[in-house]
Amino acid sequence: GAVVSQHPSRVICKSGTSVKIECRSLDFQATTMFWYRQFPKKSLMLMATSNEGSKATYEQGVEKDKFLINHASLTLSTLTVTSAHPEDSSFYICSARGGDSPLHFGNGTRLTVT
Amino acid sequence: EDQVTQSPEALRLQEGESSSLNCSYTVSGLRGLFWYRQDPGKGPEFLFTLYSAGEEKEKERLKATLTKKESFLHITAPKPEDSATYLCAVRSTGNQFYFGTGTSLTVIP
Chain V
212 GAVVSQHPSR VICKSGTSVK IECRSLDFQA TTMFWYRQFP KKSLMLMATS
262 NEGSKATYEQ GVEKDKFLIN HASLTLSTLT VTSAHPEDSS FYICSARGGD
312 SPLHFGNGTR LTVT
Chain D
8 EDQVTQSPEA LRLQEGESSS LNCSYTVSGL RGLFWYRQDP GKGPEFLFTL
58 YSAGEEKEKE RLKATLTKKE SFLHITAPKP EDSATYLCAV RSTGNQFYFG
108 TGTSLTVIP
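The listed protein sequences derive, respectively, from chains V and D.
Under this note's numbering, the first residue of the first sequence is numbered 212, with each subsequent residue one higher.
Under this note's numbering, the first residue of the second sequence is numbered 8, with each subsequent residue one higher.
Chain D on its own, in the form it takes in the complex (with noise of 0.2 angstroms):
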């Protein structure tokens, strides 16, 4: 069953305390793997799109990477203004997108 999970669900850092957010994916041909931020009561905003494994994109203190099974949204010295949702989503080569739950980040000053 095509399905993607993200993980936490929720994580809280220090103002520079740098961390990843996991997306674990299992899908019948990858044609792309997609990162959104998404701030409350928006729309989501389209970060990186990943198509095979061991590439990478970086994008400001954002960094995307994409192995297999998984791909990891490191952030680097976060600033409390990348408090949000993000969001990763796959696409088969069936043209199906499926979406995870979320990460919700919280950046403490």
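Bound-form chain V, shown alone (with noise of 0.2 angstroms):
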């Protein structure tokens, strides 16, 4: 079945600074990728979704400058989480998907910033 892995599993920061998590599709190419952010007993809430060569579509709420997603080829994109603050410790998850396949999930990355 269809791989997505995503790195690190776990991050601990500290406040200030900048954190990149990456999400690769291994054995297909996504020309759709999805981050998401998900507190605990939570759904996913989407934050942001990126296709291959253009600019992410971030969803209401977002900050863009906060959460800078990268989508440079059909098998990687990285969310970046810049001057991170405590209140953006989270679990951070992605999902690709190649053309009409449904989404698989990256196994998240936990983030804590101290």
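Calculated from the structure, these hints are not laboratory results.
Glycine included, each C-beta is placed from N, C-alpha and C at the ideal position.
Be careful, since some hints might not be right.
Unchecked claim - Pulled a few chain V residues facing chain D out of the computed Cβ check, cut under 7 angstroms: (1) S254; (2) L255; (3) H315; (4) F316; (5) G317; (6) N318; (7) G319.
What the hints assert, rightly or not - Across the chosen pairs, the derived CB separations fall in these ranges: (8) S59/D <-> C224/V: 44 to 50 angstroms; (9) S25/D <-> C224/V: 43 to 49 angstroms; (10) E88/D <-> K253/V: 21 to 27 angstroms; (11) S294/V <-> S25/D: 47 to 53 angstroms; (12) K277/V <-> G101/D: 24 to 30 angstroms; (13) V214/V <-> S25/D: 29 to 35 angstroms; (14) H81/D <-> Q271/V: 35 to 41 angstroms; (15) E88/D <-> G272/V: 35 to 41 angstroms; (16) A60/D <-> E263/V: 32 to 38 angstroms; (17) P297/V <-> E62/D: 41 to 47 angstroms; (18) S226/V <-> S59/D: 49 to 55 angstroms.
Dock the two chains into a complex; use the hints.
Here it is as structure tokens:
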């Protein structure tokens, strides 16, 4: 089946620093990738949608200057949390889709900002 | 308004006690309904896609069904390893995905 690899799985950083999270589709070309944030015992909250080679589309209330998304190739998208603060601590998940296929998810990144 | 509602929010079953999870949806044109399993600290794992009313899919102890308004995930004789959160999502003709809030299933040995 389709595999999406997300790295790192856990990261701890100091307040004010930036963190980059990678999302790779390993065995298919992902025309569209999605980034989510998930709070404890809550469902996925879509942050942004990215299509290869174009600018990401951010959901309402998501700061595009804080959460930088780059979808440079059909197999890689990155999310950079800039100038992270403790309130950015969360579980971030990416998903990828090629054509009409279902969404396939990465295993998430637990970000802790101290 | 397009939306997905899952019930119950949480479900506790004895091992072997069959039950069903519900996913009700309203969407402007359905291009697919998806079921996922999510374990704590992990990303959702794809289970099934259903495209049209009357369609059914099965995998081990799980069976998903679809009508024009809802989908059911039937769990037959569940085992403790089936404990997880089950998420439902729909894709609209506008290519938007809408997720439910999930059902947290606990199967007690």
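Going through the hints against the structure:
no. : hint                                  : in the structure
1   : S254                                  : 4 angstroms, holds
2   : L255                                  : 5 angstroms, holds
3   : H315                                  : 6 angstroms, holds
4   : F316                                  : 4 angstroms, holds
5   : G317                                  : 5 angstroms, holds
6   : N318                                  : 5 angstroms, holds
7   : G319                                  : 5 angstroms, holds
8   : S59/D <-> C224/V: 44 to 50 angstroms  : 47 angstroms, holds
9   : S25/D <-> C224/V: 43 to 49 angstroms  : 46 angstroms, holds
10  : E88/D <-> K253/V: 21 to 27 angstroms  : 24 angstroms, holds
11  : S294/V <-> S25/D: 47 to 53 angstroms  : 51 angstroms, holds
12  : K277/V <-> G101/D: 24 to 30 angstroms : 27 angstroms, holds
13  : V214/V <-> S25/D: 29 to 35 angstroms  : 32 angstroms, holds
14  : H81/D <-> Q271/V: 35 to 41 angstroms  : 36 angstroms, holds
15  : E88/D <-> G272/V: 35 to 41 angstroms  : 38 angstroms, holds
16  : A60/D <-> E263/V: 32 to 38 angstroms  : 34 angstroms, holds
17  : P297/V <-> E62/D: 41 to 47 angstroms  : 46 angstroms, holds
18  : S226/V <-> S59/D: 49 to 55 angstroms  : 50 angstroms, holds
Checked against the numbered hints given earlier, the structure satisfies every one of them.
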